[in-house]
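> In order, the protein sequences belong to chains R and Y.
Numbering follows full-length UniProt numbering, with no gaps: position 528 of the first sequence is 528.
Numbering follows full-length UniProt numbering, with no gaps: position 163 of the second sequence is 163.
There may be inaccurate statements among the hints.
Capping the alpha-carbon separation at 20 Å, the derived lysine-lysine pairs in PhoX-like fashion look like this [said to hold, decoys possible]: (1) R:LYS132 x R:LYS80; (2) Y:LYS688 x Y:LYS660; (3) Y:LYS590 x R:LYS73; (4) R:LYS590 x R:LYS688; (5) Y:LYS73 x Y:LYS241; (6) R:LYS688 x R:LYS657; (7) Y:LYS241 x Y:LYS132; (8) R:LYS241 x R:LYS73; (9) Y:LYS590 x R:LYS590; (10) R:LYS241 x R:LYS656; (11) R:LYS80 x Y:LYS359; (12) Y:LYS688 x R:LYS590.
Honestly, the hints are just simulated from the structure, not real lab data.
Please read all numbers here as calculations on a predicted model, not as lab measurements.
Protein chains: 2
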Amino acid sequence: MDHRQPESDYVDGGGDIENDGRGSDASSFTEAREPLLNLKSRINTTSQIAIVGAKVYPIESLDYEMIENDLFKQDWRSRKRVQIFQYIFLKWTLALLIGLCTGLVGFLNNMAVENIAGYKLVITSDLMFNDKYLPAFAAFAGTNVILAICAGALCAYIAPAAAGSGIPEVKAYLNGIDAHSILAPSTLFVKIFGSILGVSAGLVVGKEGPMVHTGACIANLLGQGGSRKYRLTWKWLRYFKNDRDRRDLITCGAAAGVAAAFRAPVGGVLFALEEAASWWRSALLWRTFFTTAIVAVVLRSLINFCRGGNCGLFGQGGLIMFEMHSAIPNYTNADLLAVVLIGVLGGLLGSLYNFFVDKVLRAYTLVNERGPSYRVLLAAVITLLTSCFAFGLPWLAKCIPCPSGSEKECPTIGRSGNYKSFQCQPGHYNDLASLFLNTSDDAIRNLLSSTNRNEFEISSLIIFFAGTYFLGIVTYGIAIPSGLFIPVILAGATYGRLVGRLLGSLSTLDLGLFSVLGAASFLGGTMRMTVSLCVILLELTNNLLMLPLIMLVLLISKTVADSFNHGVYDQIVQMKGLPYLEAHAEPYMKHLAAGDVCSGPLITFSGVEKVGNIMHALETTGHNGFPVIDEPPFTDAPELCGLVLRSHLLVLLNQKKFTKNRAVCGGQVLRMYDAFDFAKPGLGKGLKVSDIDLTPEEMEMYVDLHPITNSSPYMVVETMSLAKAAILFRQLALRHLCVIPKTPGVRHPVVGILTRHDFMPEHVLGLYPELLHHK
Amino acid sequence: MDHRQPESDYVDGGGDIENDGRGSDASSFTEAREPLLNLKSRINTTSQIAIVGAKVYPIESLDYEMIENDLFKQDWRSRKRVQIFQYIFLKWTLALLIGLCTGLVGFLNNMAVENIAGYKLVITSDLMFNDKYLPAFAAFAGTNVILAICAGALCAYIAPAAAGSGIPEVKAYLNGIDAHSILAPSTLFVKIFGSILGVSAGLVVGKEGPMVHTGACIANLLGQGGSRKYRLTWKWLRYFKNDRDRRDLITCGAAAGVAAAFRAPVGGVLFALEEAASWWRSALLWRTFFTTAIVAVVLRSLINFCRGGNCGLFGQGGLIMFEMHSAIPNYTNADLLAVVLIGVLGGLLGSLYNFFVDKVLRAYTLVNERGPSYRVLLAAVITLLTSCFAFGLPWLAKCIPCPSGSEKECPTIGRSGNYKSFQCQPGHYNDLASLFLNTSDDAIRNLLSSTNRNEFEISSLIIFFAGTYFLGIVTYGIAIPSGLFIPVILAGATYGRLVGRLLGSLSTLDLGLFSVLGAASFLGGTMRMTVSLCVILLELTNNLLMLPLIMLVLLISKTVADSFNHGVYDQIVQMKGLPYLEAHAEPYMKHLAAGDVCSGPLITFSGVEKVGNIMHALETTGHNGFPVIDEPPFTDAPELCGLVLRSHLLVLLNQKKFTKNRAVCGGQVLRMYDAFDFAKPGLGKGLKVSDIDLTPEEMEMYVDLHPITNSSPYMVVETMSLAKAAILFRQLALRHLCVIPKTPGVRHPVVGILTRHDFMPEHVLGLYPELLHHK
């Protein structure tokens with residue numbers, strides 16, 4: 001039987017998926033030259049492609065289902081106790097390794113940034129001190145642009161998937177979407193170095209999102225189940241050749257990334273739980289906790305090592321940790337009102353931020369899709385703009401006399417600190433320069449300081465807020481690894497401090513506390529997380545007494561912002577065309593049956609099928625799952641034998657164990673295959689149709705599909721509501737869901753197959769536009 | 001068709017489930033007089049009963065499935081947008097109310113304990129000061145025994161389900177098990193007052209577990225969907241008449257309980273997530289977070305109110321919050337070794353604790369099942385023993401001279417504080433009395449203090465450790481609401497301080513820190529939580545710098561203890577015979593098919609069935625779900641129409657809309673019923689078979705089951721492995737799972753029904769004992 005089955009998810013559009021350790025070659029892809037609108041509409045109707053760096057790539061779903069075919073069942077039965085211990089041992093060893101590597105990378109990233117950006121700022125400030133303003137600007141902007149061009153070139157030419165935050169991609173992967181090379185080794189390489197260069201270039205970008213992506217990439221690399229190319233085919237590693245175990249590792253990696261970026265181990269676990277992961281188990285909680293504990297230990301040891309001055313400029317600034325020692329007074333009702341105000345405004349500004357980020361991202365796609373050189377150019381332009389802002393705006397600020405008693409630290413020349421001299425005469429400082437001409441970490445530290453209430457002028461705070469808000473929006477989307485946490489915290493902390501200054505004596509709260517609350521409100525307004533943000537902020541500021549106020553602000557800002565748009569990561573996932581499965585079903589899905597959306601007939605195989613038929617189906621369709629039907633004379637009536645996966649079919653065909661006659665071979669056929677040959681290889685490493693070379697005689701022969709047919713696919717009856725089927729599909733993390741007829745025996749045993757794509761609102765509403773009114 | 005269906009879960013064994021607001025009457029139950037062993041074996045083979053206060057009660061599963069019958073579908077379609085807003089508004093209002101009530105109860109609980117226990121201790125210490133030792137003991141022990149008898153009587157006579165911690169019961173409820181009256185209003189009442197009395201009686205019990213149970217009971221009460229009895233039939237509340245929404249509320253309640261007990265809002269959320277809940281959604285994270293934030297606000301306001309001295313003795317001790325201000329030095333490798341040692345020993349002692357608690361619980365069951373009066377007697381005996389320990393052991397300690405410079409606070413007479421005078425002359429204190437003759441909160445606070453390194457003698461610490469370890473074990477299981485957190489923290493903190501003292505100058509760490517680590521190791525060793533315990537401890541001690549060490553200790557102690565036995569709550573759940581569904585399938589389940597465990601034929605109904613047949617099936621079986629089969633002449637071949645629930649059948653029969661002829665009525669029949677009549681009422685409030693009174697003529701009539709038949713039950717094919725079916729069952733929180741034949745059309749459309757009971761290891765291994773070797 002050969003029919004169209006439009007519901008299957010798309011596989012390789014010509015052997016494109018390539019991330020086999022040698023770095024994916026971006027230029028081998030056909031460029032999508034349609035304008036953005038066309039592109040969007042294509043995405044909306046098919047959902048089979050993802051936009052990575054303005055290119056359109058095929059995506060694939062992951063196999064999380066327990067596949068029960070005869071071969072695998074035999075393998076389970078023969079598995080010995082020692083192998084189970086090996087598996088457990090390896091699981092924890094890998095978690096340990098992920099923690100170690102991510103901690104190390106996080107530390108190196110910080111050290112490199114502190115040193116590169118530090119020396120750049122020292123040189124600039126030395127030149128300024130000697131009144132060489134133009135050379136200072138040239139040095140400052142020149143270094144920045146060169147660093148940004150390097151970062152942009154890495155991104156544009158080597159790994160376009162490394163651009164941006166990376167959190168949306170990790171989130172999508174953990175939802176079961178394997179988009180092009182998002183966790184490839186080349187992406188890891190570019191993410192690490194691109195992030196260092198980009199942050200050092202003074203751009204308003206963070207290193208937190210990239211760290212999450214880096215952690216996930218490290219986990220993916222470790223969970224590849226060895227590599228034949230590099231002869232790393234250790235037997236034990238083979239147990240991890242499946243998507244379920246890889247998913248667990250990558251969740252650990254994401255948690256480790258947050259832990260390394262913020263030195264927040266508990267926050268990392270909660271981030272993985274609340275934002276990153278789509279499926280969660282208690283056992284995983286423990287494992288991620290272990291991983292982040294390792295990260296914390298690694299970071300602590302390395303920082304202790306650096307205390308001796310072994311790490312250059314690192315240690316003066318260093319890993320983010322904004323200790324707040326301010327005592328919290330018993331806040332009054334007026335204070336609570338101020339906190340509510342901050343929450344509401346933060347929610348509004350946060351949702352506005354998301355709105356603009358979305359618009360700018362769409363606009364940049366037009367530039368980015370013109371080619372890698374345009375992408376590098378855009379990055380350079382934005383860097384130049386940022387440099388002009390950073391160097392130009394401080395001229396607007398007045399010179400402020402240093403506060404009495406702080407002669408030692410004011411003004412700071414040639415090192416980090418609160419009080420930057422800039423153009424001012426001795427004994428004075430420029431408060432705007434203290435924010436702009438500093439690393440982001442130091443700027444945040446300055447904003448959160450509570451020693452000097454009048455350290456920053458109101459006008460300076462306004463200028464800095466407007467500057468970072470604007471730069472944060474225009475920077476995200478350029479071809480550089482760019483986190484969103486730091487821009488949001490910067491803008492939020494400034495806004496919080498501004499509110500505190502404006503309220504003046506109306507509130508008794510500390511200005512540093514106002515800054516933290518402002519940052520919390522902005523984070524809540526853009527990212528829409530609650531518990532994890534709360535814990536991350538507590539771990540950053542190391543002050544638990546702020547907990548109730550931070551909770552309040554987060555709840556308010558999230559509520560306010562949620563009434564306008566989605567969280568920024570969800571927005572990016574959607575914009576990239578990744579078919580993300582939500583945890584809940586849309587309300588209108590209650591009005592449809594599962595059978596309503598799987599339109600048209602489908603391709604099925606017989607239990608013993610002709611090789612030529614299989615090859616034809618694999619070549620002409622992109623389907624990844626095919627129902628196998630046992631028919632008379634082998635059975636009394638046609639019955640659903642199960643579901644066979646494309647990847648397994650390819651391995652089967654490649655081994656060429658065919659028979660001349662159409663006959664079921666029975667048990668002895670199992671001995672011909674090794675279950676591990678059918679284990680899922682790492683991303684993009686599997687066989688392709690083009691790899692299989694069959695003679696015309698072989699094409700006429702038969703092959704028994706029973707050993708590799710998953711005999712217990714999940715099934716729903718065609719009358720089940722789409723909402724209920726969606727919950728089943730999502731809860732069990734399925735890739736294929738068979739729809740069977742209400743009346744058995746009379747009709748064909750399978751009505752259709754539902755895949756991720758069929759549950760996408762675009763698809764369903766495309767079929768039934770009238771349901772929009774029910775929405 | 002009338003066959004045996006042994007797989008269904010048990011329902012009322014004669015109209016027993018009764019918690020309709022008037023307090024369940026324990027004496028109306030038939031007493032189980034078999035010795036414990038028989039009882040256990042019955043539980044193991046049937047899993048249909050639960051032990052509550054040594055009695056055997058029926059249990060019922062909860063309906064979390066989306067039931068799609070024609071009536072409900074019609075109701076969805078007619079539901080308007082405003083009703084959805086009403087629902088959302090109500091959802092958040094209920095979360096708010098749960099937070100408010102739980103916060104208030106938590107505060108009142110604390111205030112009452114502080115005052116009752118406080119005055120008792122003041123009187124005792126005054127008498128001691130005047131050398132009236134015997135009257136002092138009489139007053140002390142007498143008060144304790146009277147308080148314990150009151151608490152025990154409340155528990156034994158009014159609500160046996162209120163005894164113990166309550167966390168295992170909440171955990172079981174959230175896993176889908178509705179055991180007898182575990183969340184009834186009477187249980188709430190007894191839990192609150194029993195806990196106050198029990199803790200005030202100086203027993204080594206905590207108020208944390210009972211607070212979790214209290215929070216869950218409050219949530220359940222608020223989520224009843226109104227009460228006809230009290231005319232609270234507000235229309236909006238009806239949206240909560242289903243088990244799914246109730247489950248969410250009770251999760252919020254459990255989180256609020258922890259938040260109120262420890263003043264740990266984030267810890268409460270994580271506790272609910274890690275320990276209490278079996279199913280979790282991101283949306284729930286936010287809602288529990290909101291609830292615990294409300295609790296934090298309520299507690300803070302009330303404590304502020306008490307600062308003025310409005311609350312008697314409360315405020316000197318007050319809600320647990322052991323602030324630690326000790327600076328953490330840069331710990332050396334020797335310190336790390338000490339920490340590892342604490343973790344390993346804590347894991348060993350913790351698992352030993354679990355072992356003994358289990359043994360003692362089983363022994364107490366023998367006493368408790370003899371009747372309520374024996375239960376009260378046992379409580380009184382244990383209280384007397386505790387009083388003797390508390391009053392007798394301090395005589396073993398030497399009087400220690402007060403440290404210089406602390407004349408003001410040493411010795412303390414007639415108030416709480418570190419240095420108790422007891423029998424000592426002025427200027428001296430008895431360190432053991434400072435621990436024993438104090439509330440548990442104050443004792444913990446003393447143990448965690450880091451001001452005076454030699455405050456407690458090594459011998460005193462050994463005696464106190466042995467005493468609390470022993471008393472903690474023998475106290476759990478008596479008929480009094482008794483939490484496990486405080487006993488474990490007490491013993492753990494003593495043990496930690498002891499290790500610190502013994503190591504002496506080998507370690508540079510603070511003794512208070514040693515105590516915290518000891519408590520962490522014990523908690524990890526008994527309760528086996530990780531992230532939530534970590535956060536709770538951080539929120540309790542308000543010192544984030546201890547994070548890495550606490551993480552390390554928790555990981556080690558949990559790992560060590562897990563190799564010996566299960567966590568204490570899992571152990572109690574198992575001992576109570578509650579059929580708890582684990583998140584993972586047992587390994588041997590891979591070797592069985594779903595069809596293997598659903599033995600024998602089952603009872604099914606026709607689409608239009610004779611009333612008499614239905615009544616007969618309901619009366620003679622305890623099944624809760626019956627497959628409905630449409631047969632010729634209504635269809636071409638027998639087909640599975642769906643599944644009908646006992647509760648819906650009862651409502652249908654009660655309305656008596658029968659027809660004379662066997663005919664499908666079609667659409668107009670829907671107008672005869674109101675969907676809300678079929679909504680699930682609160683626990684134990686539904687109709688029973690005995691409520692239905694039919695005439696012989698009516699018994700001969702027919703009723704159309706189609707409107708109430710869930711037309712899309714979840715189905716698996718009989719050849720699916722039991723492991724895969726178990727995952728499906730657990731992930732989707734099912735109550736019934738239909739098993740269909742591999743070959744459709746030829747055989748009966750349903751092979752059997754799987755319920756929770758069929759996945760229990762006892763049941764499976766009972767059927768296939770040879771699988772034990774595979775285990």
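> Just pull the numbers of the violated hints for me, sorted ascending.
1, 2, 4, 7, 9, 10, 11 and 12
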